[in-house]
Amino acid sequence: MKHKLATAYLILVFIILYAPIIFLIAYSFSQGETMTNYHGFTWRHYQTLFSDARMLAIVANTLLIALLSSLIATLIGTLGALSITRTTKRVTRESLLTLNNVLMVSPDVIIGASFLIFFTMLKIPLGFGTVLMSHIAFEIPIVVLMVLPRLREMSRSLLDAAQDLGATTRQLLTQVIIPFISPGIFAGFFMALTYSLDDFAVTFFVTGNGFSTLSVEIYSRARQGINLEINALSGVMFLFSLLLVAGYYWIQQASQKRRHRKREVAS
Amino acid sequence: MTKRRTWVYFIPYGLWLALFVIAPVALIIYQSFFDLGQHFTLTNYNTYFRSATYLKMTLNSVWYAFLITLFTGLISYPTAYFIHQLKHRQFWLLLVILPTWINILLKAYAFIGIFSQAGLANQFLTFIGIGPQQILFTNASFIFVATYIQIPFMILPIYNALDDLNPAFVNASKDLGASTWQTFRHVIFPLTLPGVKAGVQAVFIPSLSLFMLTRLIGGNKVITLGTAIEEHFLTTMNWGMGSTIGVVLIVAMIVVMLLTGDQKTKGGTPR
Amino acid sequence: MTQPIITLRNVTKRYGTHTILKNINLTLESGKFYTLLGPSGCGKTTILRAIAGFMSVSEGDVLFAGQRINEVPANKRNVNTVFQDYALFPHLTVAENVAFGLTLKKVAKAEIAERVAKALKLVQLAGYGDRAISELSGGQQQRIAIARAIVMAPKVLLLDEPLSALDAKLRRQMQYELRDLQQRLGITFLFVTHDQEEALAMSDEIFVMNQGEVLQSGSPVDIYDEPINHFVADFIGESNILPAKMIEDFQVAFGGHQFECADAGIPDNEPVEVVIRPEDLTLTTLDQAKLTVTIDTQLFRGDYYEIAATDTLGNDWLIHSVNPAEDGETIGITFRPQDLHVMRFGEKEAEFDARLETYEELEDDGVDET
Numbered sequence: 098m099k100h101k102l103a104t105a106y107l108i109l110v111f112i113i114l115y116a117p118i119i120f121l122i123a124y125s126f127s128q129g130e131t132m133t134n135y136h137g138f139t140w141r142h143y144q145t146l147f148s149d150a151r152m153l154a155i156v157a158n159t160l161l162i163a164l165l166s167s168l169i170a171t172l173i174g175t176l177g178a179l180s181i182t183r184t185t186k187r188v189t190r191e192s193l194l195t196l197n198n199v200l201m202v203s204p205d206v207i208i209g210a211s212f213l214i215f216f217t218m219l220k221i222p223l224g225f226g227t228v229l230m231s232h233i234a235f236e237i238p239i240v241v242l243m244v245l246p247r248l249r250e251m252s253r254s255l256l257d258a259a260q261d262l263g264a265t266t267r268q269l270l271t272q273v274i275i276p277f278i279s280p281g282i283f284a285g286f287f288m289a290l291t292y293s294l295d296d297f298a299v300t301f302f303v304t305g306n307g308f309s310t311l312s313v314e315i316y317s318r319a320r321q322g323i324n325l326e327i328n329a330l331s332g333v334m335f336l337f338s339l340l341l342v343a344g345y346y347w348i349q350q351a352s353q354k355r356r357h358r359k360r361e362v363a364s
Numbered sequence: 726m727t728k729r730r731t732w733v734y735f736i737p738y739g740l741w742l743a744l745f746v747i748a749p750v751a752l753i754i755y756q757s758f759f760d761l762g763q764h765f766t767l768t769n770y771n772t773y774f775r776s777a778t779y780l781k782m783t784l785n786s787v788w789y790a791f792l793i794t795l796f797t798g799l800i801s802y803p804t805a806y807f808i809h810q811l812k813h814r815q816f817w818l819l820l821v822i823l824p825t826w827i828n829i830l831l832k833a834y835a836f837i838g839i840f841s842q843a844g845l846a847n848q849f850l851t852f853i854g855i856g857p858q859q860i861l862f863t864n865a866s867f868i869f870v871a872t873y874i875q876i877p878f879m880i881l882p883i884y885n886a887l888d889d890l891n892p893a894f895v896n897a898s899k900d901l902g903a904s905t906w907q908t909f910r911h912v913i914f915p916l917t918l919p920g921v922k923a924g925v926q927a928v929f930i931p932s933l934s935l936f937m938l939t940r941l942i943g944g945n946k947v948i949t950l951g952t953a954i955e956e957h958f959l960t961t962m963n964w965g966m967g968s969t970i971g972v973v974l975i976v977a978m979i980v981v982m983l984l985t986g987d988q989k990t991k992g993g994t995p996r
Numbered sequence: 145m146t147q148p149i150i151t152l153r154n155v156t157k158r159y160g161t162h163t164i165l166k167n168i169n170l171t172l173e174s175g176k177f178y179t180l181l182g183p184s185g186c187g188k189t190t191i192l193r194a195i196a197g198f199m200s201v202s203e204g205d206v207l208f209a210g211q212r213i214n215e216v217p218a219n220k221r222n223v224n225t226v227f228q229d230y231a232l233f234p235h236l237t238v239a240e241n242v243a244f245g246l247t248l249k250k251v252a253k254a255e256i257a258e259r260v261a262k263a264l265k266l267v268q269l270a271g272y273g274d275r276a277i278s279e280l281s282g283g284q285q286q287r288i289a290i291a292r293a294i295v296m297a298p299k300v301l302l303l304d305e306p307l308s309a310l311d312a313k314l315r316r317q318m319q320y321e322l323r324d325l326q327q328r329l330g331i332t333f334l335f336v337t338h339d340q341e342e343a344l345a346m347s348d349e350i351f352v353m354n355q356g357e358v359l360q361s362g363s364p365v366d367i368y369d370e371p372i373n374h375f376v377a378d379f380i381g382e383s384n385i386l387p388a389k390m391i392e393d394f395q396v397a398f399g400g401h402q403f404e405c406a407d408a409g410i411p412d413n414e415p416v417e418v419v420i421r422p423e424d425l426t427l428t429t430l431d432q433a434k435l436t437v438t439i440d441t442q443l444f445r446g447d448y449y450e451i452a453a454t455d456t457l458g459n460d461w462l463i464h465s466v467n468p469a470e471d472g473e474t475i476g477i478t479f480r481p482q483d484l485h486v487m488r489f490g491e492k493e494a495e496f497d498a499r500l501e502t503y504e505e506l507e508d509d510g511v512d513e514t
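Chains as they are written, first to last, in the numbering used here: chain D, 98 to 364; chain A, 726 to 996; chain V, 145 to 514.
Mixed in with the good hints there might be a few duds.
[Unchecked claim] If we take Cβ atoms under 8 Å as the criterion, some of the chain V residues that face chain D in the derived model are: (1) A218; (2) F227; (3) G245; (4) L248; (5) V251.
[Stated by the list, open to error] With a Cα cut of at most 30 Å, we get these calculated DSS-like pairs of lysine-lysine: (6) K186(D) to K922(A); (7) K186(D) to K220(V); (8) K220(V) to K313(V); (9) K186(D) to K253(V); (10) K781(A) to K832(A); (11) K176(V) to K492(V); (12) K176(V) to K166(V); (13) K253(V) to K265(V); (14) K101(D) to K781(A); (15) K812(A) to K101(D).
Think of the hints as simulated: they come from the structure by calculation, not from any bench. No residue lacks a Cβ here, since even glycine has one placed at the ideal position from N, Cα and C.
Use the sequences and the hints to build the structure in full.
Okay, here's the thing in structure tokens:
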């Protein structure tokens, strides 16, 4: 009885979670012009989407910003995490961590507004550059937070052992630390990518007039009302998300399989 | 021995801390002391704390954020709890995470369709005999959509707390004669409270600043702190006043962090 | 005598105001098995880290084959360490782990393969090279950690409580293997442990430590039979330690009686302590008794009975006996004069050794057997 209630509850929650998404995608195939009354199947909205040069350019921009900012943020964040673990004083480490988390807990509007003041004061013109810098900035702390636990898991004696066996500082980094924390670095990159693709508010503040990302574009189109081209875009983005998930799992599976294979060879 | 050379690695991260963490916060505080004519003044704070409009807006914003957090928590805790008891919980958890990858604006956009005059929600209301209502651009619709968007961010930390809970505690409690409900009330819930607190942190603050939802779903009827900031920065160009509200939001954030931060656990760590 | 391979000269280590090592002097010769024995926090691991180079000392010199190596970093020292938690690299296979140091040294591939195979064979894990670390049992990981260190052909192998994570049976087996390995390799082992049994079983020489000081060093037999003070006597093996008074040379009083003993060179009437090992006590009839005790409890230990008893003055006694006694029984105990060991309060190792010199020749004819 209790079990059934729990199942019913979960089913309800998942219906609520997915209904809007399914609704959105379903109407991308509707022949009508609004999200009321289904008018029969069509690919028309997808054709409109893929012939919309402006939209395609914006998609390319969004992906470019996401990839570039994630790469740079992963690099800086990893170096940051390494520096934080190297600190010997507890006070220093705690204050670094607190500063690191400021952007994690700040509301998007605050980040956006303060970056806008910052760029304006430095007379940096708003556009691709400012959006890229902002994305890097708010992605760094998440990378740090993903890498730090791996670094903490690494026991002191692991480093001692490498040194004991003759490793120099550089070899320590490239042969022991980086391979050990690579799952954390990978997860950090992945999270950074998600943050970048998902961001609206910060970008909205620092984007200026000439440059736009998907989120900003959807916002301005949605304010003008229903346009089933956006539904088609949702369909494409949902598919893209699924592919990302699948890719993430495939990489995880593959690394596990490699371990399995090693065992088979050994026995 | 190697310390001298490796501090070079700190430079990029240190620069980031200085330029994108410390400087912006300092700038927003600095800016809050300037009026439209670029004079250094306390006028903004004066206006803010004397104006019934601003204070009411702030209270409203906090009240809505509270409601959103409350509803999110009430829905999320049982969800996390039940998912944790499932066989393929990792898979179900993934299904919780997946919607967060759909851009928040697309989700908001979906609700514009669902809540519209002839939309799905009104078709349902007509079907059960209530008849169509104005749903979009109401406070209720704003709270509903905000809650919908925040649910995954509440489920995740609670789920993690449940996962960290040593099952031996539950067994011990049952061994000592506690019923399922008593075990939940006296053991499971207190020990997973850190997860709830983390969830509150993740939901409450963003709920104060969801300006795009107030515009798209709330129809500008609900003005949150976030909406006010966006308005002052991008529409009326009164950056000083916007920054003042920003400082208020930062203070609110710090208060929430302190309230939900790590408190000393009674009688040692729960591990 | 050959040149010592490792020498610590007046080594002191401080963290702030806290002194971890107090003026340590010790010498390790080539090809011997040494053990640093002491309770946790006594500084034994600190000595190991000072020799390995993970930590610099506050004062004093660390010498390797006569050369001062205080400033030489760990990766340039010809010593290797087996870590307590093994510290095997989880992202590398067994063979890659063992080859790690050689790869860094850019040794030729063929030679690496050969040496790795040899090292794995030495630790009886030939053919495990392709496995992942996570697939190995604790005992196997332990052996890989040893193989990874010895493949570097160090002059000195440092072992930091390497057996502490293993179960009792495996630990005993590894004791044999380590001893055997040390003898086959002919290099110096410096083994750190808090387990006195382990130390007694394997070592050529033991350094007993407490609170940052070496209290006593010597062969296992010396340390067991002639502990320098209460701490050493209590820490190593089981013992009965009683307050006593030195009457004169070879005469000591405790438990209300005066007994013949094997110790001398202590001022008459000085308060001292006496140690008697439980296995040196024999149960006997009341008329042959040196002391009379009442049996409290006894535990069967397989090859002997461990008996707890109380004497007429209320002192507790621990007796190991092949034959059982009866609870509550009043029974006699006896011991030989050479089984008594007298310890002076606050005597240092050097003073103890000097005192021993003065009467050692007398010992044989000064005491008669009972």
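Going through the hints against the structure:
The interface hint given for A218(V) holds, since its Cβ lies 4 Å from the closest Cβ of chain D, which is under the 8 Å cut-off. Below 8 Å, beta-carbon pairs count as interface contacts, and F227(V) has one with chain D at about 4 Å; its hint therefore holds. About 3 Å separates the beta-carbon of G245(V) from the nearest beta-carbon of chain D, less than 8 Å, and the hint is met. Satisfaction of the interface hint for L248(V) is found here, the shortest Cβ-Cβ separation to chain D being roughly 5 Å, below the 8 Å cut-off.
Interface restraint check for V251(V): the shortest CB-CB distance to chain D comes to about 11 Å, outside 8 Å, so the restraint is violated. Of the pairs offered as hints, the one joining K186(D) and K922(A) holds, with about 28 Å between alpha carbons and a cut-off of 30 Å not exceeded. This hinted pair checks out: K186(D) and K220(V) have alpha carbons roughly 28 Å apart, not beyond 30 Å. With a C-alpha separation of about 37 Å, the suggested pair K220(V) and K313(V) falls outside the 30 Å cut-off, and the hint is violated.
Between K186(D) and K253(V), the direct Cα distance comes to roughly 43 Å. Violation of the 30 Å bound is thereby established for this hinted pair. Distance restraint check for K781(A) and K832(A): the Cα-Cα separation of roughly 29 Å lies within the 30 Å cut-off, and the hinted pair is therefore satisfied. Distance restraint check for K176(V) and K492(V): the Cα-Cα separation of roughly 25 Å lies within the 30 Å cut-off, and the hinted pair is therefore satisfied. For a cut-off of 30 Å, the pair hint linking K176(V) to K166(V) stands: about 25 Å separates their Cα positions.
At roughly 18 Å between alpha-carbon atoms, K253(V) and K265(V) fall within 30 Å of each other, so this suggested pair holds. Taken as a hint, the K101(D) and K781(A) pair is broken in the structure, with Cα atoms around 45 Å apart against an allowance of 30 Å. A C-alpha spacing of about 15 Å is found between K812(A) and K101(D), which places the hinted pair at or below 30 Å, so the restraint holds.
Violated hints, listed in ascending order, are 5, 8, 9 and 14; each of the other numbered hints is respected by the structure.
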